[in-house]
Amino acid sequence: MFKLKKDPIDNLDVLIKTNEEGRESFIPFDPANTDYQAFLKYQAEGGVVLPADDNEQAA
Amino acid sequence: MSTVNVNRVVDASGGVLAPISSVMRNRIINGAMVIDQRNAGASVATSSGVSVYTVDRWVAIYSQTSKFTIQQNAGSVTPPNGFKNYLGVTSSSAYSIGSTDFFIIRQAIEGFNVADLGWGTASASSVSISFWIRSSLTGTFGAALMNSAANRSYPFTYTISAANTWEQKTVTVAGDTSGTWLSDNGVGLYIQFGLGIGSTYSGTSGTWTGTSNIFGATGATSVVGTNGATFYITGVQLEVGTQATSFEYRQYQQELQLCQRYYWKTDSSAGAWNYIGSGVVYSSTLGFAYTQYPVLMRSAPTISTYGTVNSTNVQLIAGGVATGVTAVAGAGATETNPMSTRIDFTTSGATGGQGCLPRLANGVGVTFSAEL
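These protein sequence lines map, in sequence, to chains A and B. Read left to right, the first sequence gives residues 1 to 59 (the working numbering). Read left to right, the second sequence gives residues 1001 to 1372 (the working numbering).
Think of the hints as simulated: they come from the structure by calculation, not from any bench. Just so you know, nobody snuck in bad clues.
Which chain A residues face chain B? A few, computed with CB under 10 Å, are given here: (1) L4; (2) K6; (3) D7; (4) I9; (5) D10; (6) N11; (7) L12; (8) I16; (9) K17; (10) N19; (11) E24; (12) F26; (13) F29; (14) N33.
For lysine to any residue, the following SDA-like pairs were computed, each having C-alpha atoms within a straight-line distance of at most 25 Å: (15) B/K1084 - B/T1230; (16) B/K1169 - B/G1228; (17) A/K17 - B/A1045; (18) B/K1265 - B/R1359; (19) B/K1265 - B/M1339; (20) A/K6 - B/S1283; (21) A/K6 - B/N1337; (22) A/K17 - B/D1267; (23) B/K1084 - B/Q1251; (24) A/K6 - B/S1278.
Built from N, CA and C at the ideal position, the CB exists for glycine as well.
All chains, full assembly: derive it from the sequences and hints.
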C-alpha cells in the first residue's frame, strides 16, 4: 500500500510504502529507484494512493 | 616496441599462475557469497511476496511461495577449496512446476559495470562465466543471461555429474550484437540460475533469443521438484573473454563496500547504543539527523527501519537528557539523494533549536536500499 504524507519542513510529499507486516518504507522520487519505479507502475495501472495527510510522523 | 598477447599464464599442469586482465575483472559482486548484511547467515523463507534478498546482491524470485528456503551456508557442508561460504537452496516440497512457474536465484549487474562489453553492438565482447555448484540431484541444470527489458536472453545448461559433490563449471557466451543493453545505473544484465522453470519461461540452450522473459534453459532439472533437494553455489564469476580465470577473491572490506552501493544497514551489534548521525531539534516533537552513507549509492535509497522502534529502543539526546522516540521516518521524497539523507525522529517535550543525537539500541536500526 502506498500513501503520501507531508514533510514537516517544506510541506513536500513523502512517499510511504507499507509492507504486509505493517512496516513502512520511505521512497525517494528518484527515477532510478526501483521502489519508485514500482510506485509509478502501480499508479499507472490505477492503483490507489492514499492522499497526503497532516504532519503526523509514521511509526 | 614488442607486444606480448596472451590470455593467461599457466604452470606445467595447466594451473593459472596469474590473471592477465586487471583487478576487478569479476563483474559479479559477492560471488563468493561472503556478505550477508540482511540475514547474517539466517535462513530466508519464501513464504510471501514474489522475491526475497538473501546474501548481498543475490535475490530469489519465485512464482509460488514456500517451495524452498535459501540461506548462506545452508546444510553446513564444506565449501570448495579457497572458499568459506556458499549460497544454499533447500527444496521444501516435491512441487510439480507448471508452464508459467519460475524459481530462480539472480544477480542484476549494474550497467556501469558491464558497459565495456559493447553488447547490442557489432563489437560485442564474449564473456566467460564460472561457478562452483553442488546438488543432491544430478543431471542437466539451467541458467541464463538476460537484459533489463527481458527481451534478450541467453539460456545455457550445465551438467552436475555427481550428487553432493562440488563441481566447477565454465560457460563462454559470445556477446549479444542485438537488443538494448543498458550502460548506466540501471540493470546492465541479469545472471540467473534456475531452480525449476516452466516452459513459458524456458528457451533453447546456447543461443540468443529475442523472446521475452526467458529465465532458463529448456529441459533443465527442477530443484523444487524433489522434497529436500539441495542446490549450493559459490565462486560465481563473469569476466570478459573466452577464457575463465581463477576466481577473483576480493578483500572483505572491498566486497562489503561494493555491496553497500546497493544496500546497507546501520550497525546494531557493537555497543549498547548505535548512532546514525547528528542533527537538530526541529520542534518539541521532532528531531532531525543528517546521515551520510558509507559509499555513494546507485540511486537515492528507500529507507526503512528494522527491529522494534519505541521509546525504550530509540532515544533523542538533546539538552542534556535522553527522551524516547516513538517513530523514525525518512525525509521528504525529494530530499534523499545517493549520498545522504535526513532521518526524522518523533519524540515529545524536546526544545527546538537544540543540537540532538539520536541513538538506537542493539537490534534496532535503519536500512538503505538502492537495489536494482
